[in-house]
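Participant: One letter stands for each residue in the lines below.
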Amino acid sequence: MARIIVVTSGKGGVGKTTSSAAIGIGLALKGHKVVLIDFDIGLRNLDLIMGCERRVVYDFVNVINGEATLNQALIKDKRVSTLSILPASQTRDKDALNKENVGKVLDDLAKEFDYILCDSPAGIEAGAMMALYYADEAIITTNPEVSSVRDSDRIIGMLSSRSRRAELGLDPIKEHLLLTRYSPKRVAEGEMLSVEDVEEILAVPLLGVIPESQAVLKASNSGEPVILDIESDAGQAYQDAVDRLLGETVDFRFLVAEKKGIFSRIFGG
Amino acid sequence: MADAVLEFKGTSFTLSVIHLSTAQIDDIRDTLADKVAQAPDFFNLVPVLVNIEQLGATIDYSAIKALVEEFNFTFVGFTGVISNEQRKLIRDLGFSFVNAAKAVVAKQVTAKTPEPEERSALASESLAEQVAAKQMPVESTLFSDKVHRGQIRSGQQVYAKGQNLVVIGSVSAGAEVIADGNIHIYGALRGRAIAGAQGHQHAQIYCQSLEAELVSINGNYWLSDSMQDHWATPVYIHLTDTELMSSKLV
Numbered sequence: 001m002a003r004i005i006v007v008t009s010g011k012g013g014v015g016k017t018t019s020s021a022a023i024g025i026g027l028a029l030k031g032h033k034v035v036l037i038d039f040d041i042g043l044r045n046l047d048l049i050m051g052c053e054r055r056v057v058y059d060f061v062n063v064i065n066g067e068a069t070l071n072q073a074l075i076k077d078k079r080v081s082t083l084s085i086l087p088a089s090q091t092r093d094k095d096a097l098n099k100e101n102v103g104k105v106l107d108d109l110a111k112e113f114d115y116i117l118c119d120s121p122a123g124i125e126a127g128a129m130m131a132l133y134y135a136d137e138a139i140i141t142t143n144p145e146v147s148s149v150r151d152s153d154r155i156i157g158m159l160s161s162r163s164r165r166a167e168l169g170l171d172p173i174k175e176h177l178l179l180t181r182y183s184p185k186r187v188a189e190g191e192m193l194s195v196e197d198v199e200e201i202l203a204v205p206l207l208g209v210i211p212e213s214q215a216v217l218k219a220s221n222s223g224e225p226v227i228l229d230i231e232s233d234a235g236q237a238y239q240d241a242v243d244r245l246l247g248e249t250v251d252f253r254f255l256v257a258e259k260k261g262i263f264s265r266i267f268g269g
Numbered sequence: 270m271a272d273a274v275l276e277f278k279g280t281s282f283t284l285s286v287i288h289l290s291t292a293q294i295d296d297i298r299d300t301l302a303d304k305v306a307q308a309p310d311f312f313n314l315v316p317v318l319v320n321i322e323q324l325g326a327t328i329d330y331s332a333i334k335a336l337v338e339e340f341n342f343t344f345v346g347f348t349g350v351i352s353n354e355q356r357k358l359i360r361d362l363g364f365s366f367v368n369a370a371k372a373v374v375a376k377q378v379t380a381k382t383p384e385p386e387e388r389s390a391l392a393s394e395s396l397a398e399q400v401a402a403k404q405m406p407v408e409s410t411l412f413s414d415k416v417h418r419g420q421i422r423s424g425q426q427v428y429a430k431g432q433n434l435v436v437i438g439s440v441s442a443g444a445e446v447i448a449d450g451n452i453h454i455y456g457a458l459r460g461r462a463i464a465g466a467q468g469h470q471h472a473q474i475y476c477q478s479l480e481a482e483l484v485s486i487n488g489n490y491w492l493s494d495s496m497q498d499h500w501a502t503p504v505y506i507h508l509t510d511t512e513l514m515s516s517k518l519v
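Note that the protein sequences, when read in sequence, are chains B and S. At the far end of the first sequence sits residue 269, using this note's numbering, and the numbering has no gaps. At the far end of the second sequence sits residue 519, using this note's numbering, and the numbering has no gaps.
Accuracy of the hints is not assured; some may be wrong.
[To be verified] Partner residues are not named here, just some residues of chain B that face chain S (Cβ under 8 angstroms, in silico):
#1 Asp153
#2 Ile156
#3 Ala215
These are calculated hints, taken from the structure and not from any lab test. No experiment lies behind these values; they were computed from the predicted model shown. Where a beta carbon is used, it is the ideal one built from N, C-alpha and C, also for glycine.
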């Protein structure tokens, strides 16, 4: 059975696409067959983050409309052979999708892939609802900041009321909390919500905590998902999150600010 | 007796009472029409009593009943009946009259020089009713519970119509819980809680941690500024006349 996982947040700019790309590659590197779907019709970004923007011929909407087959639209990743990307259309809008046809595409993909990762658009409108409707699991991407937490809370409510699983009365969507852009230093200074604060408000099990990192911006601009940068703390934190998604127990890292060493204290590093 | 055909049980009900201050049918009709127009569905077939305590002796009982039914209420009977003559008259017309448990004492005061036999009747009646009142004292016992398991998320709204609301979980900021009775939250209250939504003076709100945006009982409300005394502690909130009060739960 393929696991359909939606990466969602409510709020925009918190790191949904970055996280989708990183986790998608992480799962594929473990040998699983993974497809990443960009549900952000009209604001296509996933292809850029994945570094395959020059290889987009057909897109999700073409497949929905029967103008192309799935195999024509799927882009195989050049780094990891078990990973494919289904890009969004840049020229259409969210209304191009409908439940029935999306369901058909997901059914077809489920025959071929182990993991279907749906990168949701921001907001709580039709596009985001479409991305979460068929999900079995959800990765709720949240920044440690009050407006992001509230929007995540809202989208969690939607997961439990507007999804297919909710409508059919099946087991609820399994929720995972992914805290991104976390800065232990600012938490210590009381400027940022702590992991505990966010966990208490949202009451969702923690999948990972990704530290704020220069590596993320660099990775996005170069089309090399940050998880491939194994030197970076963000890359390692995503790796841990992938392991947890696969059922392993991994200790959380990067939760406390690094103490300044004696040399940096002396030399003001 | 397992095969009993029927049994008598005492049950308390909340009934709407129309208090009349005039016996002028046309005036009553105008005012009633205004009230009903404000919430046409709300009053549809609602059972009502008509309180005639403030009226004089000459009352057209049949006309009042007809008027009330004209506005789609279900007429139950009269209350606030003062004299024995009135009782007899009402009974002869085939209507029922009901005495409110709470009103008994007040009635003894307002009833001017009742006949000796009437006084003793009232006294024994009030005693019986006081005993009954002790056994079933509070309006809140009239409500059943609506139980919500799990967190109530931002943007969600849960309404326990004609019920108490029990939330096993927290109420998030931006969420709204409403009950006609009491609200019990076995978690933090961070959103809005509105108890006694349709008017219930004795409604209360209980929560494990008070961090609310707004709490309201019977139309009296507090914003979070007013909750600082018991902020983020286990609290219950109740109403004294028109002032909200918060008290520690433990």
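Participant: Against each hint, give a clear statement of whether it holds in the structure.
Facilitator: Hints versus structure:
At a threshold of 8 angstroms, the smallest CB-CB gap from aspartate 153(B) to chain S is about 4 angstroms, leaving the interface hint in force. Interface hint at isoleucine 156(B): satisfied, since its Cβ lies 5 angstroms from the closest Cβ of chain S, which is below the 8 angstroms cut-off. Taking 8 angstroms as the C-beta cut-off, the interface hint given for alanine 215(B) is violated, the closest approach to chain S being about 32 angstroms.
Hint violations for this structure: number 3 only, all remaining hints satisfied.
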